[in-house]
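Protein chains in written order, with numbering that gives the first Met the number 0: chain L, 0 to 472; chain B, 0 to 302.
A couple of the hints might just be wrong.
Below 25 Å or equal to it, Euclidean Cα-Cα: the simulated SDA-like pairs (lysine to any residue) are [claimed, not checked]:
hint	chain 1	residue 1	chain 2	residue 2
1	B	K300	L	S344
2	L	K440	B	R1
3	B	K172	L	S380
4	B	K172	L	S121
5	L	K147	L	Q18
6	L	K440	B	L297
7	L	K440	B	K300
8	B	K172	L	N375
9	B	K300	L	S444
10	L	K147	B	D58
11	B	K172	L	Q385
12	B	K300	L	A29
13	B	K172	L	A29
14	L	K440	B	D58
15	L	K440	L	N30
16	B	K300	L	Q18
17	B	K172	L	I136
18	B	K300	L	E442
A few chain B positions that, by computed beta-carbon distances, are all more than 12 Å from chain L [stated by the list, open to error]:
hint	residue
19	T8
20	S33
21	L175
22	L223
23	Q239
Listed next, with one range per pair, are the computed distances between beta-carbon atoms [as the list claims (entries may be wrong)]:
hint	chain 1	residue 1	chain 2	residue 2	range
24	B	E253	L	N378	18 to 26 Å
25	B	L301	L	A421	22 to 30 Å
26	B	T61	L	N155	39 to 47 Å
27	L	N95	B	I287	24 to 32 Å
28	B	Y6	L	S180	29 to 37 Å
29	B	L301	L	S274	48 to 56 Å
30	L	I136	B	Q211	48 to 56 Å
31	L	P197	B	S20	50 to 58 Å
32	B	T61	L	A166	38 to 46 Å
33	B	D245	L	G256	42 to 50 Å
34	L	A339	B	A288	40 to 48 Å
35	L	L426	B	I287	22 to 30 Å
36	B	Y6	L	Q450	35 to 43 Å
37	L	T66	B	S270	53 to 61 Å
These are computed hints drawn from the structure, not numbers from a lab. What you are looking at is a predicted structure, and each value in this text was computed from that prediction instead of being measured. No residue lacks a Cβ here, since even glycine has one placed at the ideal position from N, Cα and C.
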Amino acid sequence: MGTISSAFGLISGALDADQSALSIVANNVANANTPGYTEETPNWQENSPVTIGGVSYGSGVTETGATSVRDRVLEGRLDQQQQLASASSARLTALNGVQALFTPDSGSSTATAGDIGSDITSLFSSFSSLEADPTNISLREEVLSSAKTLAGDVSNAAASLDSQGSALGQQASGVTGQVNSLTTAIAQLNQQIETTSPNTDAGTLEDRRQEDLSQLSQLIGINQVTTENNGLSLTTTSGQLLVSGGSSFELTSGSVGGATHLFVGGTDITFQLASGGGQLGGTLTALNQDIPTALNALNQLAYNLSTSVNALNNAGTDLNGDTGTVTVPLNIFSQPTALAGSAASMSVAMTDPSQIATAALGLGTGNNSNANAMANLSNQSIVNGQTPIDYYSNFVSSLGATVSGVQAENTAENASVTQLQAQNNALSGVNLNDEAAAMSKMENSYQAASQVFTMLNTIMAAALNLGDQTTVS
Amino acid sequence: MRVDPSYVTNLVGSLDQAQASQQQLTAELSSGVSITALSQNPAASGENVLLLNQIQQDDSFTQSSSLVSGQLQVADSSLGSVVSQLTQAISLATSANNGTMNASDTRSIATQISGILNEVESLANTSYQGQYIFAGGQTSTTPFTTSTATLPAVTTYNGDQGVNYLETPNGQKIQLNVPGSQIFLGSGSNSVFAALNSLVADYSSGTVNTTQGVADTQALGTALNFVSQQRVSIDNSITQLTAASDAVTSDQTELTGAQTNLMQADVAQVSTQLSLAETQQTALEDVIAQLDAASNSLFSKLQ
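Only chain L is shown next, with the shape it has when bound in the complex (with noise of 0.2 Å):
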């Protein structure tokens, strides 16, 4: 049989659980603006009947704590596409700064300056107008102005795309201190988790881990497994281990060959990483494929321009009636000596335009057949099969077709971020409008179950008095 006094008991554990509900509630609307909080929802189970004499009497109501509103697989996928996200939009600003280096000429009559294509059609025109007037010196000397340009640029775009790789190179370093205090930190709430939690959801500290795996999802590519007793093993995408259960592993970086390469422990994973993702992958997918693929482009033509217009003057009369030899070369450009550097190294080293080999050899001076065959260089599939302009021409636009994939790519991840932080906001984020109407039903029966407390109150205090009003009150 129930008592009042047991009614008693009822209702002050129902005003507890309401409490405690409260103050969860109070907690969400707290965090509503914390990165990486999870709503929480309070528990209530209801408490074991109590059976007396056959007949069962409720016991009221506990609240058993919080639990956190996560989908782990939706959070696990959201760390997936954030890593390829960071990636894309990683190598899409190295790629725009690589572009900009050969931003596209208007053609109108303010050119853009150091426009490579343009620098190449000048020097072959120089040739060209010497085909009019071969001995005459200021043609000549505009084909040594119009190699000293095209050198130039290309010299300096061979530069600028050096020093964007090293600038990668150690922001690809600076990433790697960032991934190494979020694993170790990772690693710290693996052990708190594993003794803490074991076996259920460990709320604030889940939220946490998850937290700084969402921010190292934006560092590097990562795989997740989640381990025994809560735990969490990070390895690469390619399989490196970064962090299992309370160990962490560093991540290095070092100079091989002059470039930048990342270790774990003994192990190179440069090129791994690359393709894994995060703002690492998209550096060094920049730094080891797209700044290395421009500046071989430029080696090409250097190369093969410097070579290809030096051997043909020195197949030719120059204006003194000389022809270059062996020993005595007449070299409009520095003749290089390998491909590799050839852009960087590019310079004029002719000095005297009267050298420039406009005649035919055994011909006077005044004869033009080698400017004229100079000229025709410009027709000739002088560069990897292709005429240089073709070969610029061929280059800028695959550049540029590499770089608006990338954008696309990028604008597609972005988007598919958003939607999954949409929905994950959806699920976890704190809903004010939720926590309102949790507050106003919570409000409710917390004054329901006092309004009983107090009408029990009376009702024991009656009891108590059998009758005369005045005892207890």
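Take the given structure of chain L and dock chain B to it, following the hints.
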């Protein structure tokens, strides 16, 4: 159904995008250029390089052609003068050959032909802007010199056989010169100088060997025809040059049009886009202001 509580943040993201697109469009309008980075239109950027290359080639050919057309005109008019000098020499020789002249008249004819010889030699040594135009590639060496040590005198060619060509952007080769030896020292009876020197030798003594005189006069006639033929190739070059330079000019106009279409901003289109972006921005701002002003949670209703 649950919704994303942070939708205002997303709206602000859209607002940023609208502003970025307005900036881009405004930059296009103010610069007049639609492609400011390769990635905006990779194919057009590549095409632009090729078009600019062709335009500049055309431009450079137009400049070169005006340079060489002067030289070709000078060559043509020199050869014109040579033809009239030679015609005069033939008529002088013909009158000397008819046997009615006394020794002094004959010697005077020799002197006149010798004058013509000098004149023709100086025409053959014509220079244009300091360069001898009938010297092949040896444009700084006087191409013809006459040695009077022997009788008949001998005129030698000091130039070479170099022929210069100007190449048009589409690869047509236009001949710019004819080596002097080919015009004035043609093989066999085609040599102008040999015929003139022989005639001077024929008449300088005052007595005329009519057979020899007639033969040498005929040789000069053949040589004159030969010079005229060589002159035709210079005239052909002038015609070719004019035609090529007209073609190149019209080509250049067309290419410039194409390049402008490719790279220049379409003002009407960009303005429309800009106006759309502005409308979008205003709408977004209104929405955000509205959401901000409205109490956006139930808390404001709780007492």
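Mind checking the alpha carbons of K300/B and S344/L for me, to see if they're no more than 25 Å apart? violated, 73 Å
Given the hint that K172/B pairs with Q385/L, does the C-alpha gap stay at or below 25 Å? holds, 23 Å
Measure nothing beyond the straight line between the CA atoms of K440/L and K300/B; if it is 25 Å or shorter, mark the hint as holding. holds, 14 Å
Please check whether T61/B and N155/L have a Cβ separation lying inside 39 to 47 Å. violated, 31 Å
How does the Cβ-Cβ distance of Y6/B and S180/L compare with 29 to 37 Å: does it lie in that range? holds, 33 Å
K440/L paired with R1/B [C-alpha distance capped at 25 Å]: holds, 19 Å
Using the Cβ atoms, figure out if L301/B sits within 48 to 56 Å of S274/L. Holds, at about 53 Å.
Are all beta-carbon distances from L223/B to chain L longer than 12 Å? holds, 27 Å
Take a quick look at Q239/B and tell me if its Cβ sits farther than 12 Å from every Cβ on chain L, holds or violated. holds, 14 Å
Sort out whether N30/L lies within 25 Å of K440/L, counting only the CA atoms. Distance ~20 Å between K440/L and N30/L Cα, so the pair holds.
For the pair we were handed, K147/L and Q18/L, check the Cα-Cα distance against 25 Å. Distance of about 82 Å is beyond 25 Å: violated.
Within a Cα-Cα threshold of 25 Å, do K300/B and Q18/L meet the stated pairing? Status holds; Cα separation ~22 Å.
Checked against the numbered hints above, the structure violates hints 1, 5, 13, 14, 19, 20, 21, 26, 33 and 34; every other hint is satisfied.
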